[in-house]
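Following the hints, complete the assembly by docking chains B, C and D onto the known chain A.
4 protein chains.
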Amino acid sequence: MRAIVIHAPRDIRVEESALADLGPHDVQVRIQAGGICGSDLHYYQHGGFGTVRLQEPMILGHEIAGTVAAVGAAVRSVAAGDLVAVNPSRPCLVCRYCLDGRSNQCLDMRFYGSAMRMPHVQGGFRESLVCTEAQAVRVKPGTEPGLAAFAEPLAVCLHAARQAGPLMGRRVLVTGAGPIGALSVLVARYAGAREVVATDLLDEPLALVRAAGADATVNMRGEPAGLDRFKADKGYFDVVFEASGSEHALIAAFDVARPGAVIVQLGIGSAMTLPMNVLVAKEFNLRGTFRFHEEFALAVDVLAAGTIDVRPLLTATVPMAEAKAAFELAGDRRRAMKVQLAF
Amino acid sequence: MRAIVIHAPRDIRVEESALADLGPHDVQVRIQAGGICGSDLHYYQHGGFGTVRLQEPMILGHEIAGTVAAVGAAVRSVAAGDLVAVNPSRPCLVCRYCLDGRSNQCLDMRFYGSAMRMPHVQGGFRESLVCTEAQAVRVKPGTEPGLAAFAEPLAVCLHAARQAGPLMGRRVLVTGAGPIGALSVLVARYAGAREVVATDLLDEPLALVRAAGADATVNMRGEPAGLDRFKADKGYFDVVFEASGSEHALIAAFDVARPGAVIVQLGIGSAMTLPMNVLVAKEFNLRGTFRFHEEFALAVDVLAAGTIDVRPLLTATVPMAEAKAAFELAGDRRRAMKVQLAF
Amino acid sequence: MRAIVIHAPRDIRVEESALADLGPHDVQVRIQAGGICGSDLHYYQHGGFGTVRLQEPMILGHEIAGTVAAVGAAVRSVAAGDLVAVNPSRPCLVCRYCLDGRSNQCLDMRFYGSAMRMPHVQGGFRESLVCTEAQAVRVKPGTEPGLAAFAEPLAVCLHAARQAGPLMGRRVLVTGAGPIGALSVLVARYAGAREVVATDLLDEPLALVRAAGADATVNMRGEPAGLDRFKADKGYFDVVFEASGSEHALIAAFDVARPGAVIVQLGIGSAMTLPMNVLVAKEFNLRGTFRFHEEFALAVDVLAAGTIDVRPLLTATVPMAEAKAAFELAGDRRRAMKVQLAF
Amino acid sequence: MRAIVIHAPRDIRVEESALADLGPHDVQVRIQAGGICGSDLHYYQHGGFGTVRLQEPMILGHEIAGTVAAVGAAVRSVAAGDLVAVNPSRPCLVCRYCLDGRSNQCLDMRFYGSAMRMPHVQGGFRESLVCTEAQAVRVKPGTEPGLAAFAEPLAVCLHAARQAGPLMGRRVLVTGAGPIGALSVLVARYAGAREVVATDLLDEPLALVRAAGADATVNMRGEPAGLDRFKADKGYFDVVFEASGSEHALIAAFDVARPGAVIVQLGIGSAMTLPMNVLVAKEFNLRGTFRFHEEFALAVDVLAAGTIDVRPLLTATVPMAEAKAAFELAGDRRRAMKVQLAF
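Here the protein sequences come in this chain order: A, B, C and D. Residues 1 to 343 (this note's numbering) are what the first sequence spells out, left to right. Residues 1001 to 1343 (this note's numbering) are what the second sequence spells out, left to right. Residues 2001 to 2343 (this note's numbering) are what the third sequence spells out, left to right. Residues 3001 to 3343 (this note's numbering) are what the fourth sequence spells out, left to right.
Note that these hints are calculated values from the structure, not bench results. Keep in mind that this is a model prediction, so the values were computed, not measured. Keep in mind that the hints are not guaranteed to be accurate.
[What the hints assert, rightly or not] Below 25 Å or equal to it, Euclidean Cα-Cα: the simulated DMTMM-like pairs (lysine to aspartate or glutamate) are: (1) C/Lys2234 to D/Glu3294; (2) A/Lys324 to A/Asp301; (3) B/Lys1234 to A/Glu133; (4) D/Lys3234 to C/Asp2108; (5) A/Lys140 to C/Asp2233; (6) B/Lys1324 to B/Glu1016; (7) C/Lys2231 to A/Glu247; (8) C/Lys2234 to D/Asp3228; (9) D/Lys3282 to C/Asp2100; (10) B/Lys1282 to D/Glu3294; (11) A/Lys231 to B/Asp1108.
Isolated chain A (complex conformation) (with noise of 0.2 Å):
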């Protein structure tokens, strides 16, 4: 069974792995799509991002679905045959957080991937995975796997979302235009907003979100005073999706929030220094999103219905044997919104 393993920045290679045994409660699968998100990217262009670095090859990958392969004597919810989407997430189910319905935020969470802890958690970007019955989330049958592999990114939004309080009838603001803004774009119109505005520096994923269902858009290179028609009386968006990790984008978005609004923090970069009068005097709700919990069988439903259709978003299709050529694909956000990976 071959992986995607990286070593070092810019050196990832498809090497032979080894196949974890079948428990009762297992479902091997077999992987056919897997989607490059951006903390694979950083691993591959930086070899991690703030404290988490790589210390071991690691094999990439959480965004995956595939096809059932076995199963274990006591799994019931899917069978050999079956699509699945993996959620990467394994948390512990008995700590404080997990039994507080915040699994997401677990003591001793496992997830696919991940070199936050020491041995890696080794990731799906492989041929063939061996995961537990809760991790592989069935899909209708005839869905694409390409489709089925948007579930974790996806699930991602719609955890943010929730964050948000209700979005029916809200306008949104969405700062950045890359795959996560593109499906908070979605998300918001999913959700009934009234109106969705979205921002980025460049203009190629801006038409994407346009397509996608923006109602309008911004380059703020372009364009510096492209959202000042949204200052007045204190501001515009009841709720603002920040998702670039750009301190300039979410202090713009200071300038055009409403009193009150809720500011979503999709973004993670380094960090960034805010202007506190204005956040005191507006009193925005500015809100950390991390992962999901139960959106991720959300977003294999709305997926497989096609209630959000995120085909637009999907730029190509890439052999695990070119997985270097993906990567650097995905890396190009000119030409790029979501690359996948074909097992």
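Then chains B, C and D, alone, in the frame of chain A:
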């Protein structure tokens, strides 16, 4: 009628000032007590704060109480001789925010003793004042005017507590033990907090907040690791009231606040550089809070009932004629918590 | 100017009526479409409902739209020729509820076509009408007046949805498939519900709500056990919209709603005898919802944009002169969902 | 080891009973105090309530505290000699509700002294008991066992308060002044209620709740119009705790609760016939509340700290041998608030 007028930093004068006419819906109040607030101090020490700068002489003061001297023909809720706390807010009551139950965000607010608009709104440090009936909130007979003059800063902290959601049973950290921090400790106790810990850089105010009900205090200068015991399992506090305006205090709170904690930012300082990856990963809810709304009447009630006892926080009552000495005292955090003027 | 006036049960007449003067903040609207609402039907069939009884002749109608014929000198937001939906609410804007963002609870509300106060507030089924500028909500040019006349009942359902909290990803049961139930199905879909099931006692309206987007329907008369599959593990639905006013429907919902479910009561019937031990043990959140507030403008927007498509619900458009036939048709749930009058 | 066993209505006996083995995660408690709850009384007086009926002999009791006699090898949080309050809930910790932070809704709950499942779960009125470590909550040394035995009913009321949202500054009505109503008064005060009014049909318990902190009380039998002064402007109370289980009490509350009020239904009675049009028009939020979850530990803390002082509610402590007399006393609301047994 004399008033305390600021002309420039450190230049405050007791001067004659005219009294406004009494309209049918107005109330004339003989001011008896006025508390010196942090913003008064900023005008005194620096001529303003942020972009708000003195541009003309201004009567200071917005924490005031006194006795009704006369009422307009249409006034029903108070009568001559009543003790009243004067609400320094005069919102327009017709803008979108006023009609949305958020008059503290009024687009045309007149707030006593504020240089935010030009001409400045004159303040309440004066022997006599004409306000609207809505601003003159009746206080239970027999209450000391000095207690009633705490209504404004207490209302600020009650409003902050509203941003925090239910405090019953919550573990609360208060960073900064000035008057707003100390009142936040009292409010947290009033609202049923399970445990209240306060921090500051000085021992003297920390001793006061312990006396006022904090379970424990930490001098972060003397004992920089004093909060370390709250770091286990991703943090301990459900709610933080950040009342120092210090970036260091907020960052320290990030380490000991639990995932999903609400951090209410009360302190207004300059820009802060924040580790946003922590806010994201721990899914904090960082909320600004600005002034107050209906909490003013609640503050008056709990002060008069003694449910919240602010007397330990009153350092001194200084005659109007010695205003300059009062401001100097109020500016020395080792000697003073709240200083009031007597008119 | 002619209007549809009710004198007694089954006694409606098309009569001449005077037009009010046009004040500087007023708008004169040439009414084009008016939907017959359940309360109009109650006046027609029974002379009122509950304690609300006709005591004098009254023009019916409050679901109305038309073209601006003239505007007062101070009016800025609309101009002659504009299509407008007319908001039948005229709150006082000075009472405690209006100033708290809850003008639907106004202590001095005037609502078109209502016998709640005496003299009755005359309604909108008339050729021409003078309302305030705030009531005349501009509709995107080119929208059919009949669509715009859905703004009022849709606003009711959007307000109900606000009571339910976030609907994104929720499983929703709608009991009662009249116009309000059917619109609630549409709203649930619009707001991102994961699954929508509707019940009624008649097949005809259930067929319509399936066409409008319900995933499944149950005729509770024909298939009394039709909801049983949702009873396992203490229930299935996160949210219920009870739109029938029937005690049986609400009790049936108690069996299939999950612990902690929000049950929004829209239907107004007589007293209901409820198994309160179930409400207690399952910790239901049973909420009333009454009319609407800012949701009217949202309704206008989504109707004009076509985001919510109500056209399948419009049974017939009947000329004003045949008002009696229109009311008879509207009262027959097997034949009619929403009947509108043309003026 | 002796226990209080109910065989049939009015037939309770002090009998020998076997003690379970002590597993490695178990704690053996020498019970010292046990409060008689309303459900114990229902078993005693009627053999059950609703569909819950005694089908075999059962040890009563679930409000219990005592001293640790022995601990299993793996127990860390308590040691022999510690005073503990025993949490009568033993949820499964693996069902969907347990993993969602709602273990009070556990699909496989074992709750002491309950005939809900067969075989019945034996209760805590016994000299000695073996429970799990999680159930044995350590109480501050020096606390009276009788105070600790209030943890369970207090936890019920704290959980009810959580359903009500923030109580700080709210005006609260408590209908029914039995133990649960009286504790609700104490909780409302603890959580910062602005005003607390209580009703009942008897003077004796009302006198007790006034002593416990209610601002005013109304005997609805003696003074049926006693709440009328709260009816103006659509009502006065922000929050109602309905602790009587009486339809009359709830309907009376409908008249004096403000639009949007939260009405928490604690009392479990038979079916109630409610004016749903009032619930709808006033947009009430009628919520059930069932048992408790993490509030048990909070109850222990505030009882031991004396923040909530329940001593005025303890009518008598009766030796185990006189159990029958204790139950008769507990059933007489004119003479008894809370009766405890000593073991």
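Each hint, compared with the structure:
no.: 1; hint: C/Lys2234 to D/Glu3294; verdict: holds, 21 Å
no.: 2; hint: A/Lys324 to A/Asp301; verdict: violated, 32 Å
no.: 3; hint: B/Lys1234 to A/Glu133; verdict: violated, 28 Å
no.: 4; hint: D/Lys3234 to C/Asp2108; verdict: holds, 11 Å
no.: 5; hint: A/Lys140 to C/Asp2233; verdict: holds, 24 Å
no.: 6; hint: B/Lys1324 to B/Glu1016; verdict: holds, 17 Å
no.: 7; hint: C/Lys2231 to A/Glu247; verdict: violated, 49 Å
no.: 8; hint: C/Lys2234 to D/Asp3228; verdict: violated, 40 Å
no.: 9; hint: D/Lys3282 to C/Asp2100; verdict: holds, 15 Å
no.: 10; hint: B/Lys1282 to D/Glu3294; verdict: holds, 21 Å
no.: 11; hint: A/Lys231 to B/Asp1108; verdict: holds, 16 Å
Checked against the numbered hints listed earlier, the structure breaks hints 2, 3, 7, 8; every other hint is satisfied.
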